[in-house]
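Colleague: Spelled out, the chains give:
6 protein chains.
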Amino acid sequence: MMRLSPPNYQKIAQTQSFDAVFGGSEANIGISLAHLGLSVAHITALPDNDLGYAVQAHLRKYGVETTFIQLNPGRLGLFFCEAGAVMRPTKIIYDRYDSAFDKVAKDSFDWEEIFKDAQWFHWSGITPALSENCAYECLKAVKTAQKMGLTVSGDIYFRSGLWNYGKTPQTILPELVANTQIVLCDEAAMELYLDIDNQGFSKNFAEAAQQLMAKFPKIQKVVDTQRVSISASHNQISASLWNGKELLQTAMQDITHIVDRIGAGDAFFAGLIYGLLTYQDDQKALEFGNCASALKHTIVGDINLSSVADIERLMQGDKSGRIRR
Amino acid sequence: MMRLSPPNYQKIAQTQSFDAVFGGSEANIGISLAHLGLSVAHITALPDNDLGYAVQAHLRKYGVETTFIQLNPGRLGLFFCEAGAVMRPTKIIYDRYDSAFDKVAKDSFDWEEIFKDAQWFHWSGITPALSENCAYECLKAVKTAQKMGLTVSGDIYFRSGLWNYGKTPQTILPELVANTQIVLCDEAAMELYLDIDNQGFSKNFAEAAQQLMAKFPKIQKVVDTQRVSISASHNQISASLWNGKELLQTAMQDITHIVDRIGAGDAFFAGLIYGLLTYQDDQKALEFGNCASALKHTIVGDINLSSVADIERLMQGDKSGRIRR
Amino acid sequence: MMRLSPPNYQKIAQTQSFDAVFGGSEANIGISLAHLGLSVAHITALPDNDLGYAVQAHLRKYGVETTFIQLNPGRLGLFFCEAGAVMRPTKIIYDRYDSAFDKVAKDSFDWEEIFKDAQWFHWSGITPALSENCAYECLKAVKTAQKMGLTVSGDIYFRSGLWNYGKTPQTILPELVANTQIVLCDEAAMELYLDIDNQGFSKNFAEAAQQLMAKFPKIQKVVDTQRVSISASHNQISASLWNGKELLQTAMQDITHIVDRIGAGDAFFAGLIYGLLTYQDDQKALEFGNCASALKHTIVGDINLSSVADIERLMQGDKSGRIRR
Amino acid sequence: MMRLSPPNYQKIAQTQSFDAVFGGSEANIGISLAHLGLSVAHITALPDNDLGYAVQAHLRKYGVETTFIQLNPGRLGLFFCEAGAVMRPTKIIYDRYDSAFDKVAKDSFDWEEIFKDAQWFHWSGITPALSENCAYECLKAVKTAQKMGLTVSGDIYFRSGLWNYGKTPQTILPELVANTQIVLCDEAAMELYLDIDNQGFSKNFAEAAQQLMAKFPKIQKVVDTQRVSISASHNQISASLWNGKELLQTAMQDITHIVDRIGAGDAFFAGLIYGLLTYQDDQKALEFGNCASALKHTIVGDINLSSVADIERLMQGDKSGRIRR
Amino acid sequence: MMRLSPPNYQKIAQTQSFDAVFGGSEANIGISLAHLGLSVAHITALPDNDLGYAVQAHLRKYGVETTFIQLNPGRLGLFFCEAGAVMRPTKIIYDRYDSAFDKVAKDSFDWEEIFKDAQWFHWSGITPALSENCAYECLKAVKTAQKMGLTVSGDIYFRSGLWNYGKTPQTILPELVANTQIVLCDEAAMELYLDIDNQGFSKNFAEAAQQLMAKFPKIQKVVDTQRVSISASHNQISASLWNGKELLQTAMQDITHIVDRIGAGDAFFAGLIYGLLTYQDDQKALEFGNCASALKHTIVGDINLSSVADIERLMQGDKSGRIRR
Amino acid sequence: MMRLSPPNYQKIAQTQSFDAVFGGSEANIGISLAHLGLSVAHITALPDNDLGYAVQAHLRKYGVETTFIQLNPGRLGLFFCEAGAVMRPTKIIYDRYDSAFDKVAKDSFDWEEIFKDAQWFHWSGITPALSENCAYECLKAVKTAQKMGLTVSGDIYFRSGLWNYGKTPQTILPELVANTQIVLCDEAAMELYLDIDNQGFSKNFAEAAQQLMAKFPKIQKVVDTQRVSISASHNQISASLWNGKELLQTAMQDITHIVDRIGAGDAFFAGLIYGLLTYQDDQKALEFGNCASALKHTIVGDINLSSVADIERLMQGDKSGRIRR
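Chains as they are written, first to last, in this note's numbering: chain A, 1 to 325; chain B, 1 to 325; chain C, 1 to 325; chain D, 1 to 325; chain E, 1 to 325; chain F, 1 to 325.
Please note that a few of the clues may not be correct.
The list treats identical chains as one, so a pair stands whether inside a single copy or across any two.
Unchecked claim - Computed list of lysine-lysine pairs in DSSO-like fashion (alpha-carbon distance at most 27 Å, straight line):
hint, residue 1, residue 2
1, Lys143, Lys319
2, Lys284, Lys91
3, Lys91, Lys11
4, Lys103, Lys167
5, Lys319, Lys91
6, Lys11, Lys319
7, Lys147, Lys215
8, Lys103, Lys245
9, Lys143, Lys218
10, Lys215, Lys140
11, Lys140, Lys167
12, Lys116, Lys284
It is worth saying that the hints were derived from the structure and are not from the lab.
With the hints as extra help, turn the sequences into a complete structure.
Modeller: Shown next as structure tokens:
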């Protein structure tokens with residue numbers, strides 16, 4: 001997707017230009033992981049025009065492999081994003097339907113080939129919500145990944161606004177979740193999967209996560225993030241993880257002067273994956289994810305351009321922002 | 001529609017921002033006419049979101065009445081435009097389907113109310129190409145206008161690339177043309193309407209125009225424009241008009257350092273309409289249109305912000321561009 | 001007036017360009033009210049050149065009727081505004097004399113025609129301070145409005161720096177105030193009108209307001225705003241209203257990261273007028289004004305582009321700035 | 001003065017910002033001469049505010065001495081300049097009255113002190129047109145300069161639009177011209193000074209110049225420039241000089257892609273003065289002036305930032321624009 | 001290298017910012033070839049800091065393999081480039097010494113590994129001019145390439161200004177040329193290699209090329225480009241090639257409104273290599289190179305972002321720049 | 001030096017342009033003092049090209065005398081500066097070696113002539129760290145200044161990263177310090193000069209300062225600044241001074257929304273020098289320095305463009321940032 005944002009806190013009503021960055025949840029996570037030094041390929045379909053080529057170039061620029069990307073007829077999904085400040089919320093207008101990705105053909109990806117040397121596969125709840133074919137390919141990918149021994153992670157949030165192709169999340173998502181090891185899951189999603197009501201859940205994340213694991217036994221870790229939104233300019237973030245044995249919780253990061261909040265969730269998940277792969281320590285991985293997410297708030301655009309050293313310095317408690325020479 | 005253009009001759013492959021202007025053929029003509037001092041209302045449907053409101057504000061800014069515009073669900077049509085230079089062509093990527101306008105409901109405009117105090121109605125061949133409902137409303141508008149005694153003008157170009165809703169131009173356009181007095185028509189369009197081949201036509205515009213009038217007796221004037229494209233930076237333009245009696249031809253305008261060529265055709269048609277309403281002299285009206293179009297090439301954006309005095313000065317032969325204080 | 005501001009916190013000593021926005025207290029209020037959905041006309045005189053036309057276009061863009069505006073010889077008033085930050089104050093250099101508005105001819109506005117379908121008239125203490133003719137027309141407008149049954153509101157601040165045409169505020173303002181129902185009035189203004197000293201006043205706003213009402217019996221509501229300026233980047237605002245019976249006070253809005261503070265007072269007054277016309281509830285109207293003013297601090301330019309829904313959400317206490325999709 | 005120009009060929013009707021440069025004929029000439037390596041002081045009065053200080057800084061930046069400049073109440077003269085292209089003329093809106101310079105006090109400059117180590121004094125016909133006091137000081141300066149043995153040059157163009165303080169050019173200018181050695185003079189000016197009609201003059205520059213010298217015997221050289229304005233983007237310039245003995249004429253410089261034409265006349269005069277002081281050869285001086293002027297057309301802003309080497313390379317015929325490393 | 005250019009024709013004396021693009025002859029050629037669809041790796045050493053990483057990202061963005069690039073201590077070479085216009089030349093200030101590339105260690109590249117699957121190796125005369133180690137590695141690369149059967153091309157221009165490490169081009173270049181098949185060679189270079197004088201050469205390119213081949217028998221094709229610099233804004237280009245049998249010459253391309261001339265030579269050589277690899281037809285390859293170079297003049301930045309289709313369209317004579325939709 | 005910074009919080013990995021400002025510790029201090037109204041000359045060597053001339057123009061613009069500056073071969077030192085936010089640190093990449101200043105010839109400055117009418121000389125610990133010749137000239141300057149009765153101030157920080165020409169700070173700095181009256185000295189520097197360990201020092205600044213005075217008896221005042229870096233966006237600063245009798249300490253300035261932190265130390269020292277010269281009161285001078293430094297954080301670029309009145313208003317406790325008209 002392309003994000004189009006009026007510059008300098010202007011509103012859409014005022015602007016004569018839009019800053020353009022490419023994003024999309026899975027692409028952001030892929031770029032973050034490549035930037036942190038891992039070997040990453042992004043799987044999608046892009047329009048066969050200069051906009052699609054620009055997205056490919058964007059992925060390549062940050063080190064993501066683009067060999068498996070299809071170039072198809074269709075448009076590039078867009079969203080317009082008016083950055084908020086203080087009590088004025090950031091506003092997003094989606095314009096994402098009929099994209100080349102929505103129209104991907106069934107069985108057009110060779111998942112066995114794609115996963116040949118891979119270790120991890122990540123999907124998000126956006127993909128199965130877009131079209132029947134997207135849901136079909138997503139499920140095929142997840143099952144192939146499981147069969148071939150990859151770790152599968154998924155952001156299994158329930159995005160009720162997206163589902164407009166005739167299927168409901170209840171009929172599609174559970175089979176995907178059942179084939180996933182690491183899940184990012186908030187309250188609304190838990191309700192969907194567990195058939196519980198909201199109030200029960202918020203009291204006890206560990207208990208709900210445990211129920212989720214009981215229902216979907218392949219799940220190994222359930223993750224959730226917390227955001228205190230003091231204003232559009234000032235947020236506080238933290239994260240929790242239930243790994244079946246203990247409930248882990250990060251320190252809170254206080255982001256007092258937000259530069260660009262979009263993509264912070266993706267930065268978290270990329271950081272978490274990096275941490276799990278690198279540290280073999282759930283607490284460190286979770287902190288790494290939360291610190292990555294905090295730093296993303298200080299960076300323009302959808303992607304977290306922080307280095308491992310930058311994130312580890314913050315993990316060690318250096319929030320001073322002192323000049324580095 | 002919104003035009004998104006990389007600034008400063010950048011290609012889409014390079015840009016980090018897009019200059020945004022609102023356009024669309026009929027809107028551009030309406031704004032030009034309002035800018036020249038006439039009273040104009042624009043009839044369309046816009047998305048009921050900040051992008052749609054911004055289009056309304058754009059029309060109001062330049063003096064166009066927006067009372068009759070519908071705000072509907074749907075998106076705003078877009079196009080991406082990479083400005084060329086010298087031998088590098090300007091490139092346009094359309095992203096216009098599923099707009100709020102395409103989805104306008106049948107009989108949702110009250111044309112009798114809209115035309116109550118009106119004198120002229122203009123339509124373009126884009127509208128009936130977009131959707132069945134658009135074609136339905138366009139025809140209804142044209143017929144109502146005829147019934148109520150308005151002059152009807154139409155750019156009856158045949159845009160083969162647009163028709164994708166199941167109907168063909170051959171089944172829709174003739175009835176529209178049959179209810180139009182002033183038509184802008186190029187060779188390809190003549191072929192469509194007259195069932196003649198291209199080579200015959202280009203030899204004799206007057207004869208072909210006369211045949212068109214014979215077939216569609218309400219037509220009073222047939223207009224065509226000529227553009228010699230020496231390069232993307234240097235064009236020469238002129239225009240011809242057959243009024244049933246004589247073939248009129250403008251002087252050639254030599255635009256040696258093009259600033260922005262988009263919208264020049266709309267500037268021509270607006271100038272022609274203004275001229276016909278003002279001068280009662282076909283030759284002067286045609287020259288006014290051609291000079292308006294020439295000046296548009298020197299102005300950023302889709303619309304011709306030249307004043308009547310600016311255009312008349314050029315009609316009188318002052319191409320010197322000398323500083324005016 | 002046109003505001004010219006160096007971009008990106010630059011000082012005038014550094015800048016190579018100025019961001020330009022149009023403003024002026026009454027125009028800002030008119031645009032706010034039109035943006036909130038009311039039908040508004042702005043009455044002024046503008047220079048008969050491209051700058052004057054641009055101001056007209058600006059008003060039209062935001063939905064304000066410009067039919068009654070005169071185009072006269074003279075210049076457009078300007079001010080240069082260097083935005084401050086933290087302990088560095090915003091600096092304004094006025095360059096406003098000899099404007100087309102100052103030179104408006106006596107009896108050149110037909111107030112009976114202007115007010116024919118109107119319900120409300122608003123003036124500010126700037127107008128009578130500019131020239132004898134401005135004062136004459138302002139008084140004529142106020143009296144005609146009273147006669148025709150409009151509600152009249154006025155920002156009756158005493159701007160001592162402006163009066164340079166030979167008259168004093170003491171000789172001109174009281175007659176205007178005497179014909180006004182809703183007045184915005186600070187301490188300095190109260191002193192002027194009531195002949196009291198400053199210390200007495202600040203102790204008891206309600207008492208002073210009551211005295212003002214006693215002296216000018218047409219006044220129905222006296223309003224004042226409070227601003228705690230912690231720094232140029234952080235302000236806290238609230239407002240009070242005495243309606244002859246009770247003293248109302250808003251909640252305080254804490255604007256921790258100011259984007260653009262200019263026009264916040266106008267946003268307040270527009271919000272108050274909208275609230276009084278809409279809610280029939282002084283407390284709600286006052287809160288609406290204060291929340292409108294708070295949101296204006298987060299928006300670039302002189303005018304408050306918040307919607308009714310945006311402002312009401314803040315009135316209901318949502319200061320979180322969470323992303324809206 | 002400050003020039004405010006919409007960027008990138010935008011019209012005032014479109015722009016949201018203005019590029020700002022400082023200019024004014026005499027200041028531009030002074031800066032050019034300083035840039036060419038001469039020692040120059042500029043004499044004027046500026047407003048005692050940040051805009052005035054910025055003009056001082058601008059002059060200092062380019063090496064002009066600012067010691068004698070007065071800081072007075074009043075405003076800074078402005079002009080708005082909409083750059084044209086091809087057949088669209090550049091448009092200027094002046095907003096220059098009531099400047100701090102207009103209001104300079106009589107006898108507030110100590111010309112004897114100012115001229116102590118000086119060799120040359122330049123004035124333009126703008127100064128005596130602004131106010132009675134400006135005319136008074138200009139005449140006093142010219143006479144003092146003559147008395148102290150300086151060479152005096154003047155651009156004696158007749159700017160009929162400026163004179164609005166009650167005096168006419170006919171009553172003021174002749175005494176100034178009578179005390180000037182080097183005059184830049186076009187046809188309209190010649191008519192004013194010689195009481196001849198236009199047609200007679202244009203036939204024979206040398207003869208008219210000779211008549212001027214006969215009437216004002218201190219004049220040693222009469223200079224005129226010719227500009228063929230093919231379009232706003234393409235001009236051809238040349239210059240002539242009558243030195244009492246021969247009529248000199250430069251080669252024509254063909255400026256096919258104008259970048260910024262404002263200040264080209266000032267660049268010419270500065271180049272001429274530099275040439276006369278340096279080469280002791282009227283033909284070379286005239287060519288230097290014409291080449292300086294041509295190069296100015298390729299430079300953004302009011303001032304000619306070309307070096308002596310740049311100009312001499314063009315004098316020697318190198319128009320190739322080949323890259324210099 | 002990084003090119004830093006003042007925007008919008010500003011001079012270094014005026015600018016407050018620099019547009020930054022990455023370039024360098026061999027990198028530009030590599031990117032062009034990758035953009036045209038070939039598989040390309042770039043071999044260099046970059047500074048081990050964010051500037052070096054940005055160059056890597058730039059190469060990756062456009063599809064160039066960066067695996068073999070070294071990250072070393074040292075700086076990134078820079079040049080400042082002030083774009084000229086009309087008679088004002090473009091000016092370049094180099095700041096390239098002590099770069100990480102200059103300091104590359106001997107035998108730090110494993111050329112046999114690098115060339116394992118390669119078909120072609122290109123070097124330029126810049127590399128051996130930078131440092132003794134650069135010359136050493138360049139020679140080693142060329143010899144290894146020859147041994148492994150790659151085609152070797154070289155731009156063997158003699159850059160006298162660069163050689164400052166103690167060796168002369170005469171002692172270094174001949175051995176490199178002796179191991180190269182396709183050479184780009186101008187008059188000055190021919191003199192160096194052939195010990196002939198300039199006047200003799202320019203009369204007969206084919207004869208001189210033949211002599212060069214006689215001296216260096218591995219050379220198969222000698223190429224030269226011609227540029228007529230009418231002004232900094234208007235150039236005409238063509239190219240010639242001697243293949244031992246016939247002298248081929250392209251059509252002339254007339255670039256009437258140059259956008260950015262830097263990198264046009266690299267675009268030519270990349271086009272030539274692409275053409276030789278693709279068409280097996282020297283004339284077509286040469287035309288492809290010249291058309292690629294012409295299009296580069298219309299594109300901002302160092303690299304030619306034209307597609308094969310864009311270049312072939314120009315080869316077929318379409319210079320019209322008509323809008324492509 | 002030139003500072004090149006990506007605009008709008010972009011990282012070097014993202015930017016397509018760099019904002020350019022000129023800086024360097026001593027130049028910043030000189031400009032601040034000139035801006036505050038003192039007569040200042042800057043002594044350095046600059047490259048003899050357009051970049052060097054631009055630095056001269058920058059100094060002249062702000063009123064600094066440039067007569068004594070040498071124009072030599074060599075480059076201009078650069079640094080790239082990526083502005084941080086919240087927990088993301090500002091990052092600096094230096095590219096400063098081989099500058100024209102490093103290569104200054106021994107005895108090429110005539111210090112007796114330079115100091116003829118001077119009262120004060122300031123040096124920083126950067127200069128002797130750059131090259132042997134720089135150290136030689138710095139020592140010569142300091143000794144000449146002492147001999148001629150000037151007050152000498154020095155920022156004697158120990159910049160271990162810079163010393164790469166073969167000498168150590170221990171062998172060079174003490175003789176410079178021994179000839180300085182006012183020293184800015186932090187803990188690391190004290191250790192170097194006093195051979196004490198860090199922990200001892202931080203407990204008692206006054207005692208360490210007294211030891212320094214004991215060792216270098218010409219020192220009259222020892223100054224240190226304190227910065228609490230809450231984040232890259234929020235710092236608190238204060239300063240202390242030991243004058244041999246009492247330990248003075250400023251109020252803390254809380255900079256909650258930093259605009260640009262670079263140059264704040266130089267603003268402090270300039271303010272201190274101004275204060276010492278103006279107030280004859282160490283406490284006021286120290287406060288003036290700290291307030292100058294605080295205001296610098298709110299100003300874009302390296303230099304403090306605050307006026308004496310601006311700084312004194314802050315000294316008197318007005319941190320409100322209220323609009324000044």
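Colleague: Could you work out which of the previously given hints the structure breaks and list their numbers from low to high?
Modeller: 1, 8 and 12
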